[in-house]
Structure formats: structure tokens, C-alpha cells
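A.B. asks: Chains as they are written, first to last, in the UniProt record's numbering: chain A, 1 to 334; chain B, 1 to 334; chain C, 1 to 334; chain D, 1 to 334.
No lab work stands behind these hints, which were simulated from the structure alone. Keep in mind that the hints are not guaranteed to be accurate.
As the list claims (entries may be wrong) - No more than 27 Å apart at the CA atoms, straight line, and that leaves these computed lysine-lysine pairs for DSS-like:
hint: 1; chain 1: B; residue 1: K180; chain 2: A; residue 2: K180
hint: 2; chain 1: D; residue 1: K108; chain 2: D; residue 2: K48
hint: 3; chain 1: A; residue 1: K266; chain 2: D; residue 2: K48
hint: 4; chain 1: B; residue 1: K180; chain 2: B; residue 2: K224
hint: 5; chain 1: C; residue 1: K180; chain 2: D; residue 2: K48
hint: 6; chain 1: D; residue 1: K224; chain 2: C; residue 2: K180
4 protein chains.
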Amino acid sequence: MSKLDLQQYSVRTDLALEAKEIAEAGGGKPIPGVQAQTDEEDGIIVTKLQVENEQGARAIGKMIGNYVTIEVPGLRSGDTELQNRVATKVSQEFEAFLERIGVGRTAKILIVGLGNWNVTPDALGPLVVENVMVTRHYFELMPDQVAPGYRSVSAVAPGVMGTTGIESSEIVQGIVERTKPDVVIAIDALASKALERVNTTIQIADTGIHPGSGIGNKRRGLTKEILGIPIIAIGVPTVVYASTIVNNTMEMMQRHIQSHNGDTDKIFGMMNQMEDNERLRFVKEVLAPLGHDLLVTPKEIDQFIEDIANIIASGLNASLHEAIDSNNVAAYTH
Amino acid sequence: MSKLDLQQYSVRTDLALEAKEIAEAGGGKPIPGVQAQTDEEDGIIVTKLQVENEQGARAIGKMIGNYVTIEVPGLRSGDTELQNRVATKVSQEFEAFLERIGVGRTAKILIVGLGNWNVTPDALGPLVVENVMVTRHYFELMPDQVAPGYRSVSAVAPGVMGTTGIESSEIVQGIVERTKPDVVIAIDALASKALERVNTTIQIADTGIHPGSGIGNKRRGLTKEILGIPIIAIGVPTVVYASTIVNNTMEMMQRHIQSHNGDTDKIFGMMNQMEDNERLRFVKEVLAPLGHDLLVTPKEIDQFIEDIANIIASGLNASLHEAIDSNNVAAYTH
Amino acid sequence: MSKLDLQQYSVRTDLALEAKEIAEAGGGKPIPGVQAQTDEEDGIIVTKLQVENEQGARAIGKMIGNYVTIEVPGLRSGDTELQNRVATKVSQEFEAFLERIGVGRTAKILIVGLGNWNVTPDALGPLVVENVMVTRHYFELMPDQVAPGYRSVSAVAPGVMGTTGIESSEIVQGIVERTKPDVVIAIDALASKALERVNTTIQIADTGIHPGSGIGNKRRGLTKEILGIPIIAIGVPTVVYASTIVNNTMEMMQRHIQSHNGDTDKIFGMMNQMEDNERLRFVKEVLAPLGHDLLVTPKEIDQFIEDIANIIASGLNASLHEAIDSNNVAAYTH
Amino acid sequence: MSKLDLQQYSVRTDLALEAKEIAEAGGGKPIPGVQAQTDEEDGIIVTKLQVENEQGARAIGKMIGNYVTIEVPGLRSGDTELQNRVATKVSQEFEAFLERIGVGRTAKILIVGLGNWNVTPDALGPLVVENVMVTRHYFELMPDQVAPGYRSVSAVAPGVMGTTGIESSEIVQGIVERTKPDVVIAIDALASKALERVNTTIQIADTGIHPGSGIGNKRRGLTKEILGIPIIAIGVPTVVYASTIVNNTMEMMQRHIQSHNGDTDKIFGMMNQMEDNERLRFVKEVLAPLGHDLLVTPKEIDQFIEDIANIIASGLNASLHEAIDSNNVAAYTH
């Protein structure tokens with residue numbers, strides 16, 4: 001399978017971190033044009049990844065830009081104390097991210113919650129919108145009375161095309177043109193390449209939202225080119241294709257055998273020689289005609305989505321408003 | 001109390017029918033500049049009301065324009081068969097209304113569901129949006145394949161200012177400018193002057209939505225002047241002020257005594273001499289300091305709202321698309 | 001109107017405090033057999049009321065027993081800090097109540113959430129059940145491993161007769177017989193005599209739940225006689241009759257005029273002479289044929305119910321388990 | 001791998017049909033003591049399966065008894081007309097099932113909706129309870145006035161042990177002892193061995209619900225032995241283990257290669273020789289330490305669950321009451 005095909009397939013993940021892992025798996029060495037740095041602290045892994053140029057972008061199939069990934073493998077355990085620490089970390093990383101990309105402390109923000117209220121794993125965006133603190137109306141109606149330490153924040157959930165008949169990007173564009181924010185922050189539920197990242201990973205990126213990304217079928221993106229202002233995307237994988245689960249697990253089986261000094265060629269036959277995407281194509285070929293290649297989500301999705309929406313809303317509240325203490329961010333959210 | 005004061009107070013009702021009743025009660029004879037015609041059939045009362053000129057508008061405190069009110073006193077009984085008949089009636093009246101005000105069969109429609117998802121009596125608009133059939137995306141993406149008998153319909157629920165930080169009218173304006181519909185249909189929950197109208201009355205009007213109307217605190221209207229295109233408002237009273245209940249009931253008590261040949265002056269003392277709005281002011285004066293003048297809604301509001309949202313969505317689907325049979329409109333809604 | 005009729009009507013309120021106020025209004029002096037003591041602190045008013053004997057019971061139309069009423073007029077403002085203080089107060093008062101009526105620290109508790117999930121103002125009980133900490137299964141399955149400071153608590157929401165076809169008291173009786181708790185705590189939404197008490201008042205009583213009380217139409221009670229074990233009822237008024245609002249307000253109007261030295265006889269005519277229940281009967285007579293005497297609830301009921309359910313669940317968690325700190329009770333609830 | 005191990009593993013599926021398929025795959029010929037007959041009509045496949053004796057029970061790891069499985073591969077497409085046909089089929093099959101096992105037309109029924117309201121894929125039982133028509137209270141309170149063609153039906157949703165602290169079977173037992181139904185019908189969400197059966201298959205069985213079956217962790221069963229009356233279980237698979245998806249797909253891949261005349265030994269190596277359960281154990285071994293062996297459900301679960309709950313409720317209403325026409329069952333459900 002050629003590099004080109006690989007890139008074509010790589011687009012399948014919305015996470016830059018996964019795209020990089022896939023690219024590395026194909027090569028096994030650092031990728032020119034892609035810088036990454038990982039820190040771990042108390043069960044929270046933060047990876048800062050920069051795609052610096054076209055070469056890096058081509059290599060991993062992701063746009064030039066800044067990506068921060070916060071991975072918390074233990075997040076699905078429902079540990080309240082961990083959730084609070086993650087909210088604080090999201091707040092700190094998001095604040096640093098804003099600074100790094102040059103968004104000032106008084107820049108006016110429009111938060112956009114993409115997705116569908118009525119489909120639980122796609123309801124992340126609307127749930128965050130419901131929980132963030134909005135202030136724009138105070139700035140508009142009584143600017144003199146807004147306490148220091150707050151900035152203008154508004155928030156909308158534009159709905160999905162199947163319900164509205166309008167692409168969400170068009171709705172956002174109309175609202176941006178009328179309300180003139182300086183920056184858009186878009187929250188979106190994503191499809192992951194790995195079951196273990198579902199509801200445990202948060203990605204922040206300044207590269208916008210591109211056609212076909214996220215759970216819904218977006219045909220138009222939500223980018224700086226379209227909106228005329230910077231857009232920061234916060235994404236959380238909440239679903240995974242059945243085929244992805246199969247493919248990943250087969251790879252894990254091979255690694256497992258290798259790590260036990262097994263003869264993978266003997267055990268796995270020609271499958272062992274298949275490249276990742278070749279095997280994925282095979283898996284899809286088998287599942288597709290039977291209509292089995294569903295997007296699936298963990299059974300406990302109702303609780304997971306609510307927890308992560310609270311974490312993100314708390315993190316945004318604390319990072320957007322200096323008056324909100326980032327050490328105790330959860331208190332400001334419902 | 002002067003006519004002017006009366007008018008000032010009359011604005012308190014969002015229903016033209018109630019405004020007219022109030023004005024008549026003050027005068028007792030037909031109001032110049034206001035035409036009204038009422039028909040009843042099988043428990044459904046339809047009143048077509050036209051405010052023809054400034055004189056009529058001043059007299060009842062409502063804008064010049066067309067108003068249709070559908071009253072169904074039995075609607076709160078949960079009778080499925082009656083609900084289906086009401087949906088069919090809404091469809092027929094709405095279709096006739098469109099024709100009367102000159103909206104053509106291919107005019108592109110944007111349905112706007114005003115109100116707040118999370119406040120049950122204010123959730124009418126969003127619930128209708130969720131249940132109407134949208135088609136605009138088919139017209140945009142594959143216009144050749146849309147079956148005859150359909151027109152372009154889109155639908156949005158812009159949220160409320162307390163959640164978004166943006167006036168809903170600004171959001172709608174932005175979406176209208178970008179998506180270019182020919183007509184807006186706005187659905188809104190209203191406050192009634194009469195407990196018996198709550199969840200039993202549907203008003204259709206071509207006069208737009210004006211500041212302060214509906215349940216939420218709208219500061220900007222949603223009018224032809226602002227949007228640049230005609231706007232039809234569909235409103236349902238879902239709440240009533242405690243003070244209104246008291247005031248109305250006292251008036252009913254007086255009428256009750258009169259109808260039994262009682263001496264109302266003796267029984268009601270000076271209260272009997274008070275004009276309606278004077279008494280209302282007194283009631284409010286008593287309730288306000290105690291924080292008692294709440295907006296209230298019937299206990300069964302969850303079911304009522306769902307039923308009426310289905311009726312309106314079914315009625316809209318059948319009246320907007322010729323391909324949908326207005327004799328069996330309920331089948332097309334969830 | 002005779003005293004007897006008055007008592008008959010007095011039963012209409014589920015709150016002993018209101019029953020006592022009504023009885024006093026009829027008499028104007030302390031009621032033999034009824035002791036009451038009221039304390040206020042920081043906007044929370046606690047009244048401990050004891051109906052000591054048959055004479056007291058007849059006078060106010062309430063069973064012999066202990067009643068504690070916690071009134072928080074500011075509770076509807078949505079103030080989180082006040083909510084936390086109320087939860088702590090509920091915990092303290094409930095703990096004291098248990099001690100006073102002789103419920104020991106290891107007595108096994110069954111919490112029963114009466115009411116209907118799908119009718120917001122009647123959903124209080126089920127919502128509390130969802131939020132209390134249950135421990136009985138740990139005691140049953142691994143008694144050696146339960147940490148000290150906890151007792152056995154279970155919780156059920158039996159549903160309403162319209163949904164189950166079974167009286168909730170029969171369901172509870174069956175569960176009690178099988179699971180053998182020592183005490184039942186039943187949570188129920190009530191109808192109030194006063195709009196200002198809706199969602200601001202919590203009553204704790206050891207007299208059980210009697211036929212006809214609460215929002216639903218209970219035909220069988222939930223009493224010590226039926227269950228064979230003590231039952232403590234926690235009730236919150238969440239609805240009020242339209243007729244009650246009218247009647248109360250008319251009384252307030254009269255008092256308002258008196259306090260301004262007005263001549264109420266002149267202003268209110270014969271109405272002024274009517275006794276409270278006579279007037280209520282008149283109001284009902286007027287409203288009933290029109291189907292207007294609805295049970296109503298404030299527009300914001302969704303949020304109010306959630307807030308109060310959290311307060312009660314937090315209060316119960318802290319008072320039932322010594323290991324949970326009653327100074328920070330809210331942390332243990334969702 | 002021995003037969004015994006196989007049986008041990010076979011218990012993992014709640015569907016008798018799947019258990020039989022697994023057993024056949026191990027043997028390849030009819031199983032003594034197990035009779036099965038399959039009919040298909042318009043996309044609905046009905047299999048009647050009888051486990052006649054101990055030999056059959058041991059062979060497939062399922063209790064002696066009657067099983068009817070209704071498979072509708074197209075059910076996830078959201079086709080309303082198909083849903084109505086399935087409801088009618090469920091009604092017919094259920095009516096025939098009742099007759100076959102000797103449940104008379106006036107036998108009193110208690111419907112039990114097992115599962116958890118707040119976990120969407122486990123909410124099937126409570127949703128069915130909410131939508132079935134209950135009549136027991138009419139029979140209890142005014143037996144003379146019940147129209148002919150109805151029988152006594154009650155319905156409860158006992159909740160799950162994590163919320164109540166009580167095993168659902170204990171709650172049901174208490175209610176059965178007190179309300180004395182003749183038959184229990186229990187609705188439960190199941191785990192499937194095959195992703196394609198999730199939300200497309202309905203199983204009816206007269207063998208009760210056994211410890212460990214369904215989604216929750218039941219430790220006590222719900223059987224005729226425990227309840228003293230017959231119990232019919234209606235189950236729908238709504239979740240599947242990630243490991244099951246992987247294992248099934250690998251088997252499908254092998255079959256796919258075989259059907260294309262590929263050399264599976266060459267392509268799959270030793271994996272090809274592994275028995276189904278050996279491979280599953282390997283898959284689990286790889287996934288488990290990483291916490292990846294989640295129970296997953298399709299992304300669209302909210303809609304699927306609602307649709308199937310309506311189908312089952314409609315089917316039950318029509319089969320339990322002669323007065324309800326089984327050709328138009330959907331009309332009686334919400």
C-alpha cells in the first residue's frame with residue numbers, strides 16, 4: 001500500500017495524535033515537520049503536537065497547526081476527584097493555548113456546540129453550551145456594570161443538518177457575521193481510531209473543523225477561511241467504528257504474541273504481513289455488506305457524556321474569565 | 001382610568017383575541033377598524049380577526065394585520081382523536097392564511113422555534129423544530145431529486161439570551177441573511193390573560209414578534225422591518241400570571257352573581273366599581289412585594305406541551321408541502 | 001360556617017403549619033393540644049410543631065404526631081450557597097427528628113420516592129431516590145467490608161397507579177415485607193394552600209401518608225398501621241390550586257386594605273364578611289364548571305424540582321450515615 | 001477445548017438461538033433434544049425453538065423450555081411501516097405463545113420492566129412499562145365497569161440494585177406476593193454474541209430470567225421456582241462486548257476467504273485452527289488488561305430503544321387484550 005493511500009486512510013481519525021501514531025507505525029521514526037512533546041502527571045497525559053510545515057502535514061494527514069491532546073485513561077471510572085483535576089488541567093492548557101496562538105484576554109468569544117441533542121454520543125457540543133457561562137448580553141446591555149475579570153462570551157448550538165436543513169457551518173457563519181466575535185471555539189464529538197480513547201481524550205486544535213470530521217456528515221468546514229476569524233476546535237472521541245475495534249485488536253494480538261516471543265507469522269499467517277490499512281479494508285469488506293460496520297459507543301455513554309461536558313465547560317469558564325479561579329473550576333458549572 | 005392606560009395594559013396579552021375582548025369590555029360595542037368572524041365546529045372555535053387601520057390598532061393595542069385564533073377548550077383532556085382533528089384544522093387554516101397574505105407555494109420557509117429547551121412551558125418552539133420535516137438540504141444538495149409537492153423548509157431553535165448571550169432575533173437575522181428564506185415562521189410560547197386559554201389556544205399572525213412578547217424577555221423584535229422578509233408568528237399561551245388568575249376570577253365571580261340576579265354592589269362593595277385594570281393593579285400591588293406574582297403553568301405541562309408541539313408540527317408539515325395529505329397529518333410527525 | 005365544616009376543609013392542606021394557621025385564623029389564640037416553636041436563622045425558618053392529643057388533632061385537622069417545617073422564602077432564587085445551607089439544615093433537623101422519635105443509628109431505612117417521573121412537579125420522590133446513596137446491597141452481600149459510619153439504606157420509586165395499575169402503598173408494602181427495613185422514609189410532592197410555599201418549604205412528619213394527600217390520588221395510605229413499621233414523610237409543596245391562589249389573594253387584599261386603614265366592608269362588601277372557606281367554596285363554584293380550577297406550578301418548575309431533590313438527597317445522606325459530614329453534605333450528591 | 005468448556009462459554013449469550021448456533025458450529029448437525037423451526041415473511045424471521053430435555057439443555061447450555069425469536073435485520077433503518085408490521089407480528093406470536101404454554105385469556109398479568117432508566121441501552125424495560133396499558137386498578141376499584149375484552153394488567157419498573165440497594169428479583173417477589181398476578185412478563189435488555197442482532201432481535205421464552213443474564217449483574221433469578229407463578233421473559237439484545245465483535249468478525253473473515261476459495265490456513269495461520277472460544281479467550285486476554293473490553297451499543301441507541309420499546313408495548317397491548325385489534329396495534333401506544 002502506498003504512502004498516498006495511507007494518508008487517504010489516515011484522514012479517518014480526527015485526532016492528530018492518532019494520525020501521528022499511524023504514520024509512525026508505517027515508518028517507525030520521527031516525522032519531519034512534526035514536533036511532539038508529552039508530559040504525564042497523576043494519570044493525565046498531555047501531548048503538545050505541532051505540524052510545522054507541508055511535509056509534516058502530508059506525512060500525518062493533518063493540517064499545519066497546533067494540537068494539544070489531554071488523555072486520561074482513568075476518566076471512565078467516574079472518579080469525581082479525577083474529573084475535577086482534569087477540568088483544572090483543561091483550563092490551564094486551554095489558557096496556555098490561547099496565549100500561544102495570540103488570543104488576547106479581552107478577545108470576544110463565540111462557543112459553538114456542534115452535534116445533535118437527541119443522539120447521546122453526539123450531544124457533547126450542545127451540553128457544553130448549556131453549561132458554559134455566557135456574558136455577552138451583559139456587555140451589550142450594561143457594559144459599565146460588568147465586573148472586571150470577565151470577557152464577552154456567547155454560546156450557540158446550531159443543530160445538525162438532518163434536523164435544521166442547514167449546514168451547521170452556514171448557521172455559525174451567519175451568527176458570526178452578525179455578532180462579530182473575535183474567536184470561535186467549536187466543541188465537537190469525534191470518531192476515534194481506538195476504543196480506549198473514547199470518552200477519555202480531549203483534543204484542542206487551532207486548525208478548524210474540516211468537512212467530514214466529527215460524528216455528523218459535515219460537508220462544509222468551519223475554518224478561518226470561511227469565518228474570517230480564528231477558530232479553535234475542542235474535540236472528544238465518543239464513538240468508534242466496529243471495524244476499527246476489530247482492526248486495532250488484531251494488531252494488539254500480534255504485538256501480544258511478539259512480546260511473548262511467539263512466531264506471529266506462524267500464528268497469524270499472511271494476516272501478519274498485511275499493513276494496517278489493508279487489513280482494515282478487509283475487515284470493512286467483510287462487515288459492510290452485512291450492515292455491521294456500525295459506529296458504536298460504550299454502554300455508559302449517558303454518564304460519560306455528561307461528565308466530559310462538565311469538564312470542558314468548567315475548563316472553558318476558568319480559562320476564559322480571569323475572575324474564575326482555575327483551581328476550583330468545577331464550582332462554576334452545573 | 002383612561003383609554004390610554006387601558007391600552008398600555010392591554011399590551012400585556014399576546015393574543016389579539018384577548019386584547020379585543022378587553023377593549024370591548026371597556027366599551028361594549030364593535031370596535032371600528034377591527035373585523036372579526038368566528039366559526040365553531042366540533043369543539044374547535046376559529047376566529048379570524050383583522051386589524052384594518054391605526055384606529056383599530058390603537059383600540060385593541062395590537063398591530064395592523066391578520067390574526068387567526070384556534071381555540072379548543074377540550075384540548076387538555078388528552079383525546080387523541082381530537083388532537084388529530086386539531087392538527088388537520090391547523091393545517092387548513094395555516095394554508096389559507098399563507099394564501100391570504102400572498103405566500104406562494106414554492107416560497108422558501110425558515111421555521112424558528114423560540115424558547116428554552118430546559119424550561120418545559122417555554123420549550124414549545126424547540127419541540128416543534130424537532131418535529132417538523134426539513135427539506136432545504138435536499139434542495140441545496142440534490143435539487144433534481146426532490147419529489148414534486150415539497151418546498152424548501154429549514155428549521156432552527158436559536159435558544160434564549162440567558163443561555164446564548166445573544167438575543168434570539170440577532171441569531172435569526174444572521175441565519176436569514178445567510179440562508180435567504182422567503183418567509184420566516186416563528187413558534188413561541190406566550191403568556192395568557194386567561195387560565196382557560198393555556199395550552200388550548202393557537203394564534204397565527206402576520207404581524208411579527210415584538211419586544212416583550214412571549215415568555216422570555218425579548219428586547220428586540222422579530223419583524224419584517226428587521227428581517228427584510230415576511231414573518232408569521234404561531235403562538236400558544238402556556239403560562240399565566242398568578243395576578244391574572246385572581247383578577248379574572250374576581251370578574252367571573254361578579255358575572256356569576258349578576259347572572260343569579262345578585263346585587264353585586266352589595267356583595268362586592270367598591271371592588272364592583274373598579275375597572276378591570278384598576279383591580280389588576282391592586283392585585284399586583286398585593287402580590288408583588290411578597291414575590292408571589294409568579295408565572296404559573298398547569299401541573300400536566302410536560303404532556304400538554306408535547307401534544308401541542310405535535311399538533312403544530314403536523315399542521316405545518318401538511319400545509320407547507322402539497323405532497324402531505326392534510327387529512328392525515330399526524331402520520332408524518334414523530 | 002361551623003367549626004366542623006372548617007375542619008373538613010382544613011384537611012385540604014398537606015402542611016400542618018398551614019392547617020394550624022387556618023385554625024388560628026378562625027380562633028385567633030393558641031390551640032390547646034398543639035405546641036409550636038419557631039426559629040429563624042439566615043433566611044431559614046424552622047417550625048417544630050407537635051400535635052399532642054385528640055383535641056389538638058381535631059382543632060387543626062392533622063394527626064397526633066411530630067411535624068418539622070423548614071421554610072426558605074429565598075429558595076426559588078437559585079442561590080447555590082443558600083441551597084447548601086438548606087441541605088445542611090435539613091440534615092441536622094432530620095437527624096434530630098430521628099433521635100426524637102427513637103430511630104436508632106443502625107436502624108435499616110427504606111426510602112420511598114412517591115410520584116410520577118413524567119410529570120415534573122410530581123417527580124420529586126423519584127428524583128430523590130435517584131440521588132440518595134444506597135448501601136443495603138453491600139450489607140447483604142459483603143457485610144464484613146462495609147466501612148463504619150454507614151447504615152443499611154435502600155430506595156425505591158414505586159410509580160403511580162395510572163402507570164402501574166397498583167396503588168403505590170401496595171407496592172411498598174410488598175417490598176417492606178420482603179426486605180424488612182426498620183423504618184420507611186417517604187418523599188412526596190404536595191399541594192399547598194399558598195403559592196409562596198411552593199418549592200420553598202419542606203415538611204418532615206412522623207404521621208405517615210394518608211389517603212388523598214400528595215399530588216396523586218392515593219386511596220390507601222402509607223402508615224405504621226399498614227406497614228407495621230414507623231414511617232417518616234418528607235413533603236414539599238410543588239403545586240397549588242388556582243382557586244387557592246384566588247382565595248388567598250383576596251384575603252391578602254383585605255388585610256392590605258385594613259393595614260392602610262381602609263374600610264374593608266365598604267370596599268369588599270359582603271365578601272368581607274365571608275369566612276375563608278365560604279369564599280373558597282364560591283371561588284371553586286365559579287371556576288369548576290369552566291374546568292379552570294387547575295393545579296398549577298411555577299414556570300421554572302424543572303429547575304426548582306431538581307434543586308430541592310438535591311437538597312433533600314444531600315440532607316438524607318448526611319443524616320443517615322455518620323460517616324458523611326453534615327457540614328458539606330452537597331458533595332455526596334450528584 | 002472440551003465440550004464442557006464450550007458449554008460454559010455458551011452461557012455467555014442470552015439468546016437460545018445464538019446458543020444453538022454456537023453448539024452446532026461445534027458439532028455441525030442437529031442437536032438431540034432441541035427442535036427448531038424457522039419461517040420468514042417480508043423481512044421478519046421467526047424461529048420457534050424447543051429445548052425438550054436435559055440432553056438438549058446441556059448441549060446448548062439453555063434451560064428446558066420454549067423460545068421464540070423474532071429477527072428483523074431491517075429494523076435499525078427506522079422504517080415506520082416495518083415497525084408496525086413487527087408490532088403486529090410480536091402481538092401474534094406472543095398470543096400464540098401464551099396459548100401454547102397454557103396461559104388463559106383472563107389470567108392476570110404483571111409486566112416487569114427490568115433495567116435502568118438512566119442508562120439508555122438498559123432502559124428498554126422501564127420504557128415498555130411506561131407505554132403498556134395497565135388495567136388492574138379498574139378491575140380492583142370498579143370491576144363491574146370494565147369493558148369486555150380486557151384483562152387485569154399491571155406493570156412495574158423495579159430499578160437496578162445500584163440505585164435501589166435491593167435485587168430487582170426481591171422487589172418483584174414482594175409485589176407478586178402482595179398483588180397476586182397469575183403470570184409475570186419480564187422485559188430485559190440483553191447482551192448479544194453478534195453485533196447484527198443488537199436492536200433487531202426479540203426473544204420470548206418461558207424459562208425465566210437467570211442469575212447473570214441481561215445487562216445488569218443479577219445475582220438472583222426471576223423464575224417460577226422463586227415467584228411461584230409462570231414467568232415469560234421478553235429480551236432484546238442492546239449491547240455487545242467489544243471482544244465479541246472482534247471474535248465474530250475474525251470468523252466472518254475466515255468464512256469470507258473460504259467462500260472465495262482462499263487458503264485460510266495460509267492466510268490466517270494457526271488462528272485458523274483455533275476454536276471459536278479459544279480465540280475469544282485470546283481476544284479477551286489482549287483487551288482486558290487495557291480495560292478495553294467494553295460493552296458497546298450503536299451510536300443511534302436513543303432512537304432504537306424507543307422504537308423497540310414501542311413495538312413491544314404495542315405487541316403486548318394487542319395480545320393481552322382481545323378488545324385491541326392486533327392488526328393496528330401501534331395506535332394504542334404513545
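A.B. asks: Now tell me, hint by hint, if it's right for this structure.
C.D. replies: Hint check:
no.: 1; hint: B:K180 x A:K180; result: 20 Å, holds
no.: 2; hint: D:K108 x D:K48; result: 25 Å, holds
no.: 3; hint: A:K266 x D:K48; result: 43 Å, violated
no.: 4; hint: B:K180 x B:K224; result: 14 Å, holds
no.: 5; hint: C:K180 x D:K48; result: 42 Å, violated
no.: 6; hint: D:K224 x C:K180; result: 23 Å, holds
Figure legend: structure checked against the earlier numbered hints; hints not met, in rising order: 3, 5.
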